[in-house]
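Protein chains in written order, with our numbering: chain A, 1 to 1062; chain B, 1 to 126; chain C, 1 to 246; chain D, 1 to 308.
Bear in mind the hints are in silico, worked out from the structure with no lab data behind them.
Predicted model only: the values in this text are computed from it and were never measured.
Worth double-checking, as some hints may not be accurate.
With a cut-off of at most 27 Å between alpha-carbon atoms, the simulated BS3-like pairs for lysine-lysine come out as follows [said to hold, decoys possible]:
#  : chain 1 : residue 1 : chain 2 : residue 2
1  : A       : K969      : D       : K54
2  : D       : K54       : A       : K972
3  : A       : K806      : A       : K603
4  : D       : K289      : A       : K969
5  : A       : K293      : B       : K125
6  : A       : K972      : D       : K58
7  : B       : K125      : C       : K3
8  : A       : K877      : A       : K972
9  : A       : K359      : B       : K114
10 : A       : K603      : A       : K359
11 : A       : K806      : A       : K972
12 : B       : K114      : C       : K3
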Amino acid sequence: MVSSFFSDILLHPLGIYVLALGAGFLIPLFDRAHRGSAVLVFFAALAGMVAIAGLNLLAIVNGAPSIDIETAGIAPPFSINLRFGLLEGGFVLAVNTAALLAAWHCLPALRQHASALLLFLIMVMGINGMIMTRDLFNLFIFIEITSIATYALIGMERTGSVLAAGFKYIIATSVATTFFLLGTIFIYYQVGTLNIDDIIVHADLIQGPIGFIATLFVLTSLLIELKPYPANGWGLDVYETAHSGIASLISVGVSAGVFFAIYKVLPLMDSYLTSIAFIGGATFLVSNIIGLKQDNARRLLGYSSIGQMGLLTLALALLLQLEASSQLVLVVGGLFINHMLAKAGLFWLAGIIDRSQLKDWCAIAQRPGLLLLLGIMMAALIGLPPFPGFWAKWQLVMILAEGGQYLWIAVVLIGSLLEAAYLFRWFSHARGTDNNSMGDSSTDEVPPQAVVSLAQQLPVAIATLLLFVIGYVMALAMNIETPGMFLPLLAGFALWLIDGIRGRLKALAMLLVVGAGGYWLTNDLDGINRLFSYLLVGGGLLVSIAVMYRNDDRRGFYPLLAVLLLSLAVLLRAKTSLEFFFGWELMTLSSYLLVTLGRNGVKPALNYLLFSLASAYFILAGFALAYAASGSLLLSDLGNSGDSIGLIFSLLAIGFVIKMGGFGVHIWLPGAYAEADDDFTALLSAVVSKAGIFGLVLIAANLGVQSDIGLDPTYVLGWIGILTATFGALMAVFQEDIKRMVAYSSMGQLGYIVTGIALMSHLGWVSALYMTVNHFLFKGILFLSIAGIVLRTNERMMYKMGGLIKNMPFTFVFTMIAIIAMSGVPPLTGFGGKWMLFNALMDKGWYFIAAFAFFSSAVAFLYMFRLLQTVFLGQRKLEHAQLREAPAILLAPQFIMIAAIMVISAYPRLLLDPLSAAIDPWISNTLVWEGFALQTQYGYWNAPMIMAVVGGVWMVPLIILLLVSLTMKIQKVEQFNIVYAAERPHRPEDTHFAYNFFAHYDRAIGFLVRPRATAFWNAAVEWSHTLASSLRVFYNGNGQTYALFILMYFVAMVLFNGGLGS
Amino acid sequence: MSILADLPISLIVLCSGLGLVLIGLWGMLTQRNMIRMIVGFSLTDTGVHMVMVSIGYVTGGTAPIINDAVPMADAVNRVVDPVPSALVLTAIVIGLGVTAVMLSYAVRIYKARKTLMIDECTESKW
Amino acid sequence: MIKRIFIFLILALMAMIFFNLATNYSENTELSRLGHYYVETGPEELGAPNLVTAVVVTYRGLDTLGEVTVLFISAAGVGLLLRRTRRKDDDEDLEQGDRAEETAGTHKPASEIVETATELLLPMVILFGIYVFLNGHLSPGGGFQGGAIIASGTMFLLLALPESHISRLMIAIIESLSGFSYVIVGVLGVIMAGGFLDNRIMDLGTYGSLFSAGAIPLIYVFVGLKVGFELSAVLDRFRKEDTGPL
Amino acid sequence: MIAEWIGKIGNFTLTLLIVTAYGLFMTAFIERIIAKVQGRIGIPYWQPVINILKNFFKRTAVSHGYMFYLGPVFRIAGGIGTLAFIPVIYGSETFSNFSMAGDLFLVIYFMFFGQLGMALGAGESGHPYSAIGIARGLSQMTAYEVPFALAVISIVIQYDTLSITEIVAAQQGGWENWTVFTNWVATLAAMLAFLGMTGYSPFDIFLAPQEIPIGPPTEFHSAYLSFMSLNRALFGATKLVLFMNLFFGGATGLLELMIKTWLIYMVAIVIGVSFPRFRVDQAIRFFFKIPTLIGIMSIVYAQMMLTS
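Please put together the full structure from these sequences, using the hints given.
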């Protein structure tokens, strides 16, 4: 008896109701006896509801049939029945878990009043009922139970604004449910039953105008409950004002219930799927646009919530339309659980931090734990790996592509990008706009920091944990190679655990972890991937040695760096486009966070992230099209994409080019490079940018060459590359900030590589890869040198330096060699790249591109000279007289790279042979060697001989001069001893010609580089804000207007779907 | 009047119900006073209840109570549909619950801001 | 003004939709499938002559449990909203408002006729309420109706004797216990009969007698009590806007 | 192997001496022409040699640092190296230098070598005028590079090779085969670029030879200056040889070499004495207009008319 009581009642899904109602009814009594006991009963009931849902779901997952709960001992349709199947179970478990956490979160408020406790409990039960019931009218009851409990809980804090918002909410939802009731009764009128399954069976009875209107009423009122644009102002007000715990439950719980209700009645709505998708899509897009202009954190979450529900609706409708309901669990379930945990977590965070304006969120700038939680939630929300949203979005886009729904793909991706924009703008505020990690100005006031206890963070932390766990489970379901793909995260986590120890020790640990992990991930690669693994992982490690030059705390830096470097390894290891994209996004996220760690890195990092995400979405779209065309996720199958190959190539190429800072979409680059930590800039430029090149090579290899179709996009790509090179160089010329200058230079140099790849010829690719290696070497050296300079001078403006050759001779020599290697002046490595590129261009007949290449490499001399002149040469500032050479740990990697430059300069064959071999699988070798001389159709290049001749002609005058010097009296003179009209300059500033160095050049052709791209993107931002303003005029705060919109929705739905006729 | 008399009784109830719904909606949308809006809601709600009742009507039927007046054997042809009646009962109670909560909101709003005008409660917007 | 026109326009469109509903409506000439089943088998199956009650309590028992819950939570919600501000840290305006209300003076006493009538009628009203819910399975009426009648008695009382004291404790205990008992009866249905809220846990008894139709009268007693006291509590809270503990 | 190298070095040294001497002669020659135009007598022909020797053997020197010291070395290495990669006389093993190491592209890029090193040396002197001069020179260089590059591309299209020797070979067999006649558009563009390259008026503001202490060599003196003067002569002659090879059929003998280069040089000199000086931004804009347009036309011309 007792055991059957447990198994039949309590552990049965029915037990959820029994527990909730029993406890709910008794809580007032317990409360009278003892407040604590009521709280205990409350939690016991909630926990029980979680446990019941969990155990039953587990059983179903393990193969048990779904549970049908019949009431009254009479079979449906004559009685009400409930169902607990896989989807129901998932939703119920998720909702109850979230509710349990939310209850913990708002316990301080709830425990004030026993009625709040019972209302909360019954609200959760109501949501459970909405999910499980199979009866249309019973659904109405559960909706109302949930609604009334919600109304009461909203008003729990009785301030004026909450009450006003709550009243609007009541008016709106009660109008909607009224129509639901009308629809229900008319459906009953036609079908004669209320059981949903039974109605579906007899759906043919629903006909004529009555059937049409009744169905639309039911559907529209449910949709209204999901707060579609523009009939959703009431929801936003509540999200903004209600207690965060309640708002979170409305956002994730109530919405989940309504959403599931829609899912249940959808079989009746086949002909309206397009409308539903449209409503969902419009809501998703518009709320994310409006979110851009929102400054209130809670209201922002409201927009995000509404947007996410729109996305869910869109996904549901489209999946059913495309008859992909087998993917519902993965896509809709994944999106839902992701939204639920992340959004609830954000609401809770907003509650415990309690700052309404976004700009006040700098109150957690010094709270790394909270920042981490905030960042994770946001990353999850916009669908970054490894969270469930990532997998779900991927799968959704794939299915949409298969179904040819390109417009919807665009909507999903654009909406996600917008959402990322405002969420991470928020994160930027929280991160604090200005963090002096160098510790140079301690006078900056730290805003008062939020005080948050661990207990308050607990629900958020659990939600985070669940996000990871579910993400991992979904990864398993998607057949991702585990644990390999998750290694970056594991490594990051491990390093995060030891983040408390001393700086250099952490750095060492990081290097070891990355070394071991990188080896493990990449040691079985071959071909071009292996080559890139040397560059990305090996090179990354080499440059990373330099991070040890700082011994300060650098919270979060090392774990993130490990994630970044290992995610590059993951990228190389990827066999499928999904794995590639996984690694790509992981790289994006970790590098974004690393940039925010820089001195003023937060704002540029946001730009960086947004452009990176845009790039990622182009890539995603490209992969999706490829999947649709070839039916395979394997990267090696990219080429089997038939007719759409040109489009796929274009999309992917756009994605990679954005990531490399291509012409017009480069504006993120200088800021991110300049403001990132100095050693990390070296990694960004020398290593991370190569990921884009790898991607480009990958698609060029798999798409461009394997297929016989001529690819016009490559010609465009060639031009993009060379224009990037030209304008990168031109813009670098006019920079005063040393890091910005070299950043633009980096952009320009990558442009050549893009052009090289675009050539689609063996020589072009060899030149591109050769330049890639070279770029790694010289940019690594340059940025590490700069790190040393900035470390010593604490200055980034070049005109404030000068004469540092005396203090930092090694740095100067390294920089000079790097610059010669970059410039393309023989005999160093740069020449080989340019020579091969030029030959390949001539071979291909791209003459004007070749002319541009000439011009841009000439322009490059300007900034290269300026770098050396204004920093190292000229007059030294008086305050710099005592500076020391850069730390040895910074110089060591530079020295290794210098050595590599020298070796490759003399014997390029050492590098070219493996490069050529790696390309062989796609394009057969066209390199002709005569001894050490490389022959092409046009010319020849004998590197060792050039090296010898140049060495000779350089050594001879040197020796002569040295000999002459022996006979001369060489007088070493002081700094100011110059021919200066027989005067001695007073200050170095007077005679150090550095500021606005190329003013005349600016006068001549400066008009070419006026920041048009920046202006364009600013205008785009401006425009989107204007759009947001005009889209949100509907939210005038008046409850009656909101109610009017709801009525309009009904009318519009009827008119849109067929009008009043028939 | 003869036209009305010819109409089925349930249709008249139905139309009145729908009319009531519209009147109630008009009240909710145009009356700025919250109490009046609540009255509007009640009207709408009642209108829906009338519609529900009318749907359950079967021509010539009587109350579905099977006793001496309505013998069991013939019941099927003589009673109205019990289901809408049951539903409307539930719906009434729910409407009552909602109205009660709405009214207590109105009371609280008046206390907090000394006004009942809905268009003066617009501080949350955009 | 423009807004009004707009509202009018929308409502006109809505009216056209409704018109469409009405013109296409034709009165039922026979019972719906569901209704047919209930009328045909209901009396035998559940033993309740009043088929509406049979539907309400058993066939759609879950609805009714929900309905009771709705009433319960709206009472709780009203209590939560109208609770007296006790803590100093609540909104300043709120507190002043409350005080103003308290000092607004006492209610005008009701006339003697009302007072006397109340004293005379109140017991009868309550008795009638009890009659209605006890006979819910036999005749028109039931738990809700009976509860509402009892509550109207309370209304009487409050109108006539505004200062009269209604025991919160009693309300709470009866409310809670009757609700809990309802759930227990429902659960017993699973254990002893066909399913949750099955009324056949008790003997169906003689068709048409008071103690018949299984657990329906029992359930209606709980529902009646619960509804009556809950509605009374709601009324009471609107009177004083103060609940103290629930 | 070693003998072969010694032979090559020997041959190259010979070429180097001849070209240097010729360059010095030309330097004096232009000074004299300018003087004649301005109504002066001018310097004797050996004056440049005397200047170099005088400076070379000065007893004292001032150094501003190691890069200052290395600057002239880079500079002259750039001059010598450029010559080393150009075959001077067609068909002569003796005068082919090290042109087997690289092609036209190598030469063009190696021309920067000396400029860069020089610029660095001048920079370390700490004199603002040096830096200004270099900034101007580099800017102007980017401008005349454009028509020059376009012209070079045009002739590469025309001859389908980057090898200077083969370009010269293709122009053999009569004056009508010279590039200047077969591809006059490219030659025109290149000659306009040549004006900027030589650094004579009107494109001489970065050197500003008339003003006293302006330009990159401001702080250089003694042996440093002699290296630089030597290079100026050598480098100027080297560029003439390059242009002769590319556009004027090359030379099969020393005499032909001298006549042709002399004539090419005269173009620069005649224009130089006839026009006043451009400001540097004017000069840059000038090169980006007509010469660039001609350069573009030369490519179109080569593509349409000169390829089958």
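Structure-based check of all given hints:
As the CA atoms of K969 (chain A) and K54 (chain D) are separated by approximately 16 Å, the hinted pair is consistent with the 27 Å bound. For the given pair, K54 (chain D) sits about 22 Å from K972 (chain A) by alpha-carbon distance, which is consistent with the 27 Å threshold. This hinted pair does not check out: K806 (chain A) and K603 (chain A) have alpha carbons roughly 36 Å apart, beyond 27 Å. As the CA atoms of K289 (chain D) and K969 (chain A) are separated by approximately 50 Å, the hinted pair breaks the 27 Å bound.
A distance of roughly 12 Å separates the Cα atoms of K293 (chain A) and K125 (chain B); the hinted pair therefore holds under the 27 Å criterion. Straight-line distance between C-alpha atoms of K972 (chain A) and K58 (chain D) comes to about 16 Å, which keeps the hinted pair within the 27 Å bound. Of the supplied pair hints, the one linking K125 (chain B) and K3 (chain C) holds, its CA atoms being roughly 18 Å apart against a limit of 27 Å. Under the criterion of a C-alpha separation no larger than 27 Å, the hint pairing K877 (chain A) with K972 (chain A) is consistent with the structure, at around 19 Å.
At most 27 Å may separate the alpha-carbon atoms for a hinted pair to count; K359 (chain A) and K114 (chain B) exceed this at roughly 33 Å. Of the pairs offered as hints, the one joining K603 (chain A) and K359 (chain A) holds, with about 13 Å between alpha carbons and a cut-off of 27 Å not exceeded. Taken as a hint, the K806 (chain A) and K972 (chain A) pair is honoured in the structure, with Cα atoms around 13 Å apart against an allowance of 27 Å. Our distance criterion of 27 Å between C-alpha atoms is met by K114 (chain B) and K3 (chain C), whose separation comes to about 26 Å.
Violated hints, listed in ascending order, are 3, 4 and 9; each of the other numbered hints is respected by the structure.
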